[in-house]
Amino acid sequence: MADDTFRGHSYRINEPDVIHQLFDREVVVVDLRDGSYYSLTESAGAAWLAFGSGGAAVDAVANLLTTVYALPPDVAARDLRAFIGELTARDLIVACPSGAAVVGGAHLPTPTAAYSPPELQSYNDLQELFLLDPVHDVDARTGWPHAPAPETVARPLAPPAAGQVTTGVSHADAGSDDILTAKLGGQTLLVDRNAGIYVTLGVDGSVTEHRDLEALMRPWLVARKPQRLASSPQRRQLLDRLDMSFMDEAASAGGPVQRWYRIGGHVVCVRTAPGSDAARLRPALGHLALSETPNAEADLTISAWNGVSPSAPPLLANLLWRLRANWCTECGPRGEVLELHAQGISAIYNAGPDVLSVVDFEKNRGWLLKLDDDAFPYWEVGSPFRFLLHEWFAARGLQYVHAAAVGTDRGGVLLVGKGGAGKSTTALVCAAAGMRYAGDDYCLIDPGLAWAHSLYNTGKLKGAEDYARLPGLTGLSGNPDSFEHGGDGKGVYFLDGIWPESVVAGMPLRAIVVPRITGESATRIEPCSPFEAIVAMLPSTVGQLPAAANEDCDRMVALAEKLPSYVLHLGTDIRGIPSTIASLLNG
Amino acid sequence: MNTSVSVIIPARNAARYIRQAIESVLKQREGEADPNLDVIVVDNASTDDTGDCVQRCFGSKVRVLNEPKPGAACARNAGIAAASAPLLAFLDADDLWLPGKLDEQVAVLATHPEVSLVFCNGAEFSDPPDAFPCNSQSRPFMGPSGMLARREAFTVAGPLPEFRCGEFIAWYGWAQTLGLRSLVVPGSFVHRRVHEDNTTRNRQGLADYALAMHWLMERRRTHAAAADGVASR
Chain L
0 MADDTFRGHS YRINEPDVIH QLFDREVVVV DLRDGSYYSL TESAGAAWLA FGSGGAAVDA
60 VANLLTTVYA LPPDVAARDL RAFIGELTAR DLIVACPSGA AVVGGAHLPT PTAAYSPPEL
120 QSYNDLQELF LLDPVHDVDA RTGWPHAPAP ETVARPLAPP AAGQVTTGVS HADAGSDDIL
180 TAKLGGQTLL VDRNAGIYVT LGVDGSVTEH RDLEALMRPW LVARKPQRLA SSPQRRQLLD
240 RLDMSFMDEA ASAGGPVQRW YRIGGHVVCV RTAPGSDAAR LRPALGHLAL SETPNAEADL
300 TISAWNGVSP SAPPLLANLL WRLRANWCTE CGPRGEVLEL HAQGISAIYN AGPDVLSVVD
360 FEKNRGWLLK LDDDAFPYWE VGSPFRFLLH EWFAARGLQY VHAAAVGTDR GGVLLVGKGG
420 AGKSTTALVC AAAGMRYAGD DYCLIDPGLA WAHSLYNTGK LKGAEDYARL PGLTGLSGNP
480 DSFEHGGDGK GVYFLDGIWP ESVVAGMPLR AIVVPRITGE SATRIEPCSP FEAIVAMLPS
540 TVGQLPAAAN EDCDRMVALA EKLPSYVLHL GTDIRGIPST IASLLNG
Chain V
0 MNTSVSVIIP ARNAARYIRQ AIESVLKQRE GEADPNLDVI VVDNASTDDT GDCVQRCFGS
60 KVRVLNEPKP GAACARNAGI AAASAPLLAF LDADDLWLPG KLDEQVAVLA THPEVSLVFC
120 NGAEFSDPPD AFPCNSQSRP FMGPSGMLAR REAFTVAGPL PEFRCGEFIA WYGWAQTLGL
180 RSLVVPGSFV HRRVHEDNTT RNRQGLADYA LAMHWLMERR RTHAAAADGV ASR
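Residue numbers (numbering that gives the first Met the number 0), protein chains in the order written: chain L, 0 to 586; chain V, 0 to 232.
Among the hints, erroneous ones may be present.
Covered stretches of chain V (chain L as the covering partner; in silico rule of three or more C-beta atoms under 8 Å from a C-beta of chain L) [stated by the list, open to error]: (1) 17 to 29; (2) 170 to 179; (3) 207 to 214.
Computed spacing ranges between beta-carbons, pair by pair [unchecked claim]: (4) V/Ser59 x L/Ala88: 29 to 35 Å; (5) V/Pro98 x L/Val266: 55 to 61 Å; (6) V/Ala130 x L/Glu118: 52 to 58 Å; (7) V/Leu177 x L/Asp90: 30 to 36 Å.
Calculated cross-link-like contacts (lysine to any residue; reagent style SDA-like; alpha-carbon spacing at most 25 Å) [to be verified]: (8) L/Lys182 x L/Lys461; (9) V/Lys60 x V/Pro98; (10) L/Lys362 x V/Ser135; (11) L/Lys362 x V/Arg138; (12) L/Lys362 x V/Asp51; (13) V/Lys26 x V/Gly50; (14) L/Lys417 x L/Val566; (15) V/Lys60 x V/Asn35; (16) V/Lys26 x V/Lys68; (17) V/Lys60 x V/Arg138; (18) L/Lys362 x V/Asn134; (19) L/Lys362 x L/Lys461; (20) L/Lys461 x L/Leu562; (21) V/Lys68 x V/Pro98; (22) L/Lys362 x V/Ser137.
Derived from the structure by calculation, the hints contain no laboratory data. Note that the structure is predicted; figures quoted are calculated from it, not measured. Beta carbons are placed, not taken as given, at the ideal position from N, Cα and C, and that holds for glycine.
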């Protein structure tokens, strides 16, 4: 320990978690958090009382010991350092801004013995009893049961006045992730999901505002962005209850069905309850399935089911009930479940389809629960576990992107752009022509390797008119809510059953391609700036990933910096599309 | 072994909950007016109609004492003093016992003469449901509501020190020091109600944890010194 450790610092007693009382010549200290208790006598008691509730400078306390015990100053300072080390290690005293510079001995007990270094007698034999005392399970601060702590019931701010929010920070306390930023080649892209806009700043100082993704970003949800809370036993217990609830549901139907997949180089286990509609979430991952049960534990285990069991544990049942009844006050602006928005946990409630996605980063578990008993809608069946996979893989440096990926044996292109830009049509037309296919809507990108990992083997079509371009898919949509089956949803096509030779688990990327619909008959391709690719890819990606942060932007920029970018002007003669992409890759 | 039990229920402004608590005690032993069950409610300076409520609902099945000196420890000590049975159990007025609690614990004391205190497991519940965070998983309930004690334990270790909190912790620590043995039966038999006004303790009362631990440490020191004295003679 360096000699000047603690010098110049001030400390105070860590009240109210730690209480103390002076009895004659002994200070008794109780740590209410864990039920340990301490006896401090003579110099230890004097130092403790000198620090006090208000705090004191270390030098002041050392001076006091020097005076009271007539010690050489360096002895007092040395012994006090060791004592402070012990107290801070147990969190009994905490640093404070500036404590008293001089402390008097008037309220301290008179020394009755020759000096010995301050010492802490510690006892923990009664911890179990302390922890059982109501004051501890409930709230050590107030001492009594209480309504859920204020931190868990952060309320939305009043909606901003019309016209108040344009660009910039839309809430007074907005964190840095409220405005997402990507810089590339002197140009800047800013995304403000709270305002529903993205803005590009040109090298020449020009500012262009885009509002075309407003519907995706849903800026009318004006709840305050929640602060991430500390992890707590109660929150972690809710996760265990969620898991228990799934296991009960599965057990009542004969035990969970487990399947393993290799996604982005990691083994992911998906568990469903037998007979649950959640089984329909698996085929989209079918091309990534492992043929054998792995020996080792999965890197991530996702449990998916639907319907809230009547026997769900009460605290969980209550949370789910509140989400459904009052999600706008139980959730942050992007569906962050306030009660579970804590370190090591992510919980997003998507009120539309009534789906709760939870990730436990500590134990690598995920849950996807559709609270009602309705069937999963086509977009969940076509691209399941979006939020879970985004966050879990983001922690491993892989980027979930709104993009398609197709290619040849020379590698692939990443097709980027908002919905309707032509990604899906381009990708499916290429697959139909025998090219490699890794997804039409979402992929997992490794920016370091410039690699696209496939997530889903599905393709989606909007309506029967698409069959003119893709006749091979006619009648093959696999979802009951498809337009083809009288529903009002897109058709979802499981391509590993339709064009199995095209579907691949991943491909090295050679270029980023921005498709544009032109109305001209011929398809042509021309280089564009990486910034243009970022503007096409980034806002629509972060706009639909609730947990997207600036790290997501960094990963997408890293990829764009690595690869050439092109604009693909899509011709009406679709035969030209696969050949144009193939010649780009072969050229 | 005489398996009569005195059940001591300290109650302060507990009219809302005490009926359920007493019912959960009476259900322990079927049969009307079981002479082996001596239920003592100690009304601790209530300002509501706790005492009347008990008299009205349970009549002669329950004895009601008054202990004006405030504090659960004082009320429990008054109950201990008035208890007639060789075995003593405690139940907080807002907690509940589950069926079988006394039988399980009495059986342990009957077969383990060396054991003085028997605990069981317990879990919490929120009243109203879901209003308060609680631990609904059962775990050893090392508090008065979970304990069945031989009366001699209180003869040996003395009554509870009369603090606003920490009194049972300190007493148990002292009983341990004196070598009184305890066991925990595996079953979960206590439901602790977590509610808005769980007890009459307040922030100020928290300071009594330090008093209680001081009381314990002082006794232990005296005890150790006495033991040393004996050894050195």
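Hints, one by one, checked against the model:
| no. | hint | verdict |
| --- | --- | --- |
| 1 | 17 to 29 | violated (count 0) |
| 2 | 170 to 179 | holds (count 3) |
| 3 | 207 to 214 | holds (count 5) |
| 4 | V/Ser59 x L/Ala88: 29 to 35 Å | violated, 59 Å |
| 5 | V/Pro98 x L/Val266: 55 to 61 Å | violated, 48 Å |
| 6 | V/Ala130 x L/Glu118: 52 to 58 Å | violated, 45 Å |
| 7 | V/Leu177 x L/Asp90: 30 to 36 Å | holds, 33 Å |
| 8 | L/Lys182 x L/Lys461 | violated, 35 Å |
| 9 | V/Lys60 x V/Pro98 | holds, 18 Å |
| 10 | L/Lys362 x V/Ser135 | holds, 22 Å |
| 11 | L/Lys362 x V/Arg138 | holds, 24 Å |
| 12 | L/Lys362 x V/Asp51 | violated, 54 Å |
| 13 | V/Lys26 x V/Gly50 | holds, 21 Å |
| 14 | L/Lys417 x L/Val566 | holds, 14 Å |
| 15 | V/Lys60 x V/Asn35 | holds, 11 Å |
| 16 | V/Lys26 x V/Lys68 | violated, 30 Å |
| 17 | V/Lys60 x V/Arg138 | violated, 31 Å |
| 18 | L/Lys362 x V/Asn134 | holds, 21 Å |
| 19 | L/Lys362 x L/Lys461 | violated, 39 Å |
| 20 | L/Lys461 x L/Leu562 | violated, 31 Å |
| 21 | V/Lys68 x V/Pro98 | violated, 32 Å |
| 22 | L/Lys362 x V/Ser137 | holds, 23 Å |
Of the numbered hints listed earlier, those contradicted by the structure are 1, 4, 5, 6, 8, 12, 16, 17, 19, 20 and 21.
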